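Novice: Chain by chain, the residues run as shown.
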Amino acid sequence: MTNDPSAPAPSRARSAYSGRRARAPIVRHAVLLAWSLIVLFPIYWMVMTSFKDSGEWVTWPPRWVPYEPTLLNYRQIFIPADEARGTLARQATEQAFSIWKALGDSLLICLVTSFISLLLGTFLAYAISRFQVGGKYFRYVILTIRMVPPIVIAIPLLMYYAIMIPYATESVLGFRISLFDTYVGIGALYVAVTLPFVIWMMLSFIDEIPYTLEHAARMMGAGRIYVLRKVVFPLVASGMVVTFLFVFILNWAEFLLALTLTYPDVTTLPILLNKFQSASEGRLYGPQAAIGTIITVPVVILGITIQKHLIKGFSFGMIRK
Amino acid sequence: MARIVLRDLVKQFGAYKAVNGVNLDIRDGEFLIMVGPSGCGKTTTLNMISGLETPTSGDILIGETVVNDLDPGERGLGMVFQDLALFPHMTVFENIAFGLRVKKVAESEVQSRVRAAAETVNITKRLETMPRQCSGGESQRVALARTIVTNPRVFLMDEPLSSLDAKLRVDMRTELKRLHEQLKATFVYVTHDQAEAMTMADRIVVMNGGRIEQVGAPLEIYRKPATQFVAGFFGMPTMNFVPGTIERNGSGAVFRAQVGDVTQPVDAVVTPELIGKPVVLGVRAEHVVVGGGGTGAAVRLVEPLGDGTLVFCDYGAESLLVAKVDADSLLKSGDSLNFRFDPPRTHLFDAQRGVRLN
Numbered sequence: 001m002t003n004d005p006s007a008p009a010p011s012r013a014r015s016a017y018s019g020r021r022a023r024a025p026i027v028r029h030a031v032l033l034a035w036s037l038i039v040l041f042p043i044y045w046m047v048m049t050s051f052k053d054s055g056e057w058v059t060w061p062p063r064w065v066p067y068e069p070t071l072l073n074y075r076q077i078f079i080p081a082d083e084a085r086g087t088l089a090r091q092a093t094e095q096a097f098s099i100w101k102a103l104g105d106s107l108l109i110c111l112v113t114s115f116i117s118l119l120l121g122t123f124l125a126y127a128i129s130r131f132q133v134g135g136k137y138f139r140y141v142i143l144t145i146r147m148v149p150p151i152v153i154a155i156p157l158l159m160y161y162a163i164m165i166p167y168a169t170e171s172v173l174g175f176r177i178s179l180f181d182t183y184v185g186i187g188a189l190y191v192a193v194t195l196p197f198v199i200w201m202m203l204s205f206i207d208e209i210p211y212t213l214e215h216a217a218r219m220m221g222a223g224r225i226y227v228l229r230k231v232v233f234p235l236v237a238s239g240m241v242v243t244f245l246f247v248f249i250l251n252w253a254e255f256l257l258a259l260t261l262t263y264p265d266v267t268t269l270p271i272l273l274n275k276f277q278s279a280s281e282g283r284l285y286g287p288q289a290a291i292g293t294i295i296t297v298p299v300v301i302l303g304i305t306i307q308k309h310l311i312k313g314f315s316f317g318m319i320r321k
Numbered sequence: 001m002a003r004i005v006l007r008d009l010v011k012q013f014g015a016y017k018a019v020n021g022v023n024l025d026i027r028d029g030e031f032l033i034m035v036g037p038s039g040c041g042k043t044t045t046l047n048m049i050s051g052l053e054t055p056t057s058g059d060i061l062i063g064e065t066v067v068n069d070l071d072p073g074e075r076g077l078g079m080v081f082q083d084l085a086l087f088p089h090m091t092v093f094e095n096i097a098f099g100l101r102v103k104k105v106a107e108s109e110v111q112s113r114v115r116a117a118a119e120t121v122n123i124t125k126r127l128e129t130m131p132r133q134c135s136g137g138e139s140q141r142v143a144l145a146r147t148i149v150t151n152p153r154v155f156l157m158d159e160p161l162s163s164l165d166a167k168l169r170v171d172m173r174t175e176l177k178r179l180h181e182q183l184k185a186t187f188v189y190v191t192h193d194q195a196e197a198m199t200m201a202d203r204i205v206v207m208n209g210g211r212i213e214q215v216g217a218p219l220e221i222y223r224k225p226a227t228q229f230v231a232g233f234f235g236m237p238t239m240n241f242v243p244g245t246i247e248r249n250g251s252g253a254v255f256r257a258q259v260g261d262v263t264q265p266v267d268a269v270v271t272p273e274l275i276g277k278p279v280v281l282g283v284r285a286e287h288v289v290v291g292g293g294g295t296g297a298a299v300r301l302v303e304p305l306g307d308g309t310l311v312f313c314d315y316g317a318e319s320l321l322v323a324k325v326d327a328d329s330l331l332k333s334g335d336s337l338n339f340r341f342d343p344p345r346t347h348l349f350d351a352q353r354g355v356r357l358n
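Chains B and G supply the protein sequences, listed in that same order.
Each residue of the first sequence is one higher than the one before, counting from 1 in the numbering used here.
Each residue of the second sequence is one higher than the one before, counting from 1 in the numbering used here.
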């Protein structure tokens, strides 16, 4: 024990202060952890359900892990009904379904539309960034297009796709062209809807590149296309990857427009998921969870990839100003 | 022939005239420096020569050809930019080789020419590195090598040294001068730094408000500025300006300051119509003679420079008068002194138009 009463005081103060400092990250991590659990729980439940047999889908108390893990749900969605007949007991009363058609349609539509959107958007963004096409405020005007909720355009578009365009083409050209339930119809719409995002994102990347780089290249005799190919595109490549993945995910998960304007000829995965019903058992939670898992996997993988590229894409300020 | 002629060149951005009727004859092989304050139109003029800006009116001739409608790459010019504009995704080698690759030069020739250019500016060891790994001076050399490699007839440079620190900037000045002598090409160089202009140029073009104020050799501009603006722009410290009038003095004339007891005989230069007109007398600090009679003043501030000392003195006027005296001078703040001007080294300007009268 010390006789000096003033000696312990500062050390107590310091320890109280450092105690607060030490507790701060613990509190922060606890909150983040709790939030992660809330966010991840539905995904966990979906993945677990995809490995449960029908008896376990709605048991009470709930089973946190499958009692008897099975791949039946995956088998059911990947192997067409008639091939699988006899191996799946609950198959007889259920509607026939297969994920292949929807998976193929979704991949085709998302890859093609994202690519077209990226291509158009990049050139448009370049023109807006470098030549102020559309005036000073055009870049903000573009974003206002995104302020219209898709539900507002869904029904008018249905009118156009299913009635007005077929009627117009028939009376003018003599044969019907319908955009309803076609790849072109939904694809064109996806391009139109995602284009503002592409332009906005690519603008931020292209604006980052000093115009003098292009001036320097042009002074050395390079034409505009050569400059784009050798200077601009290599410098915005990571930005283009990020944008592509972002748009791909948007299209991959799009539900409302596809619900209104497609099926049965064109079926995307979210639509398939929605159509999944059975007369005898109500919703088929197992196969539905399996499809949900299949849809989620690419999004998660792309999401992680985007994170890496985002950091690279947004931090390429290696140009000496 | 790499002679460049600018004829009545005008560049207008909306209502603002950035360049307002510039006429200039840039001689083959000369080192011409355009200098002036920010917004004086020097960079716009350079950009019009390069082809990156289109003139609103007027002509640009390179050799005997009007090049107004030629693309930048077709004019046979090389340009070094203020921010250097090195391609960050290419190695130093590829940066230098860019112009040759555009012209589809054979690979073996690219190799030899890039190495030759790199040798000229002493950057051979950095060829495989990326621009971001180069120091300021090295980046500068890469930008020069990239311009040299295509053998342009004319080099355009837009404040290329502004991103360097003070010492490196002085070193690069010497290097640029050496390069100019070695390449014997025409250099058109833009800067706002009068020291750069004085040290490197064969001829200086002083611009202000979109117009040319004066064209001449560095010493000519320093010793015989055509306008009060040029007189004030060149020289450190800034030239002393004393406003006053010309008065008749017997058969001759004398300048009398508005404030303070400053008079200066100006016999030789004055025409009868100038008598009574407001004028400005300009005199550089080194031409103010301190001691030995003249106007009385009080020392307010003393700035030793090493090779001399600047003495700021108050003789009653609004601004202090600066005199450069011997470094060993013992003058200090609060002292009083007498000063006068060295008559042949004074400059007389019209107070309204700013033009030189003597």
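Heads up, a few of these hints could be off.
Selected chain G positions facing chain B (in silico; Cβ < 10 Å) [claimed, not checked]: (1) F81; (2) L84; (3) L86.
Keep in mind that the hints were calculated from the coordinates and are not lab data.
None of the values given here were measured: they were computed from a predicted structure.
Heads up, the beta-carbon is just placed ideally off N, CA and C, and yes, glycines get one too.
Novice: Just to be careful: measuring from the Cβ of L86(G) to every Cβ in chain B, is the smallest value less than 10 Å?
Specialist: holds (7 Å)
Novice: Verify the interface restraint on L84(G): the C-beta must sit less than 10 Å from at least one C-beta of chain B.
Specialist: Result: holds, 7 Å to nearest chain B Cβ.
Novice: Is the interface hint satisfied for F81(G)? The criterion is a beta-carbon contact with chain B at less than 10 Å.
Specialist: holds (5 Å)
Violated hints: none; the structure is consistent with every hint.
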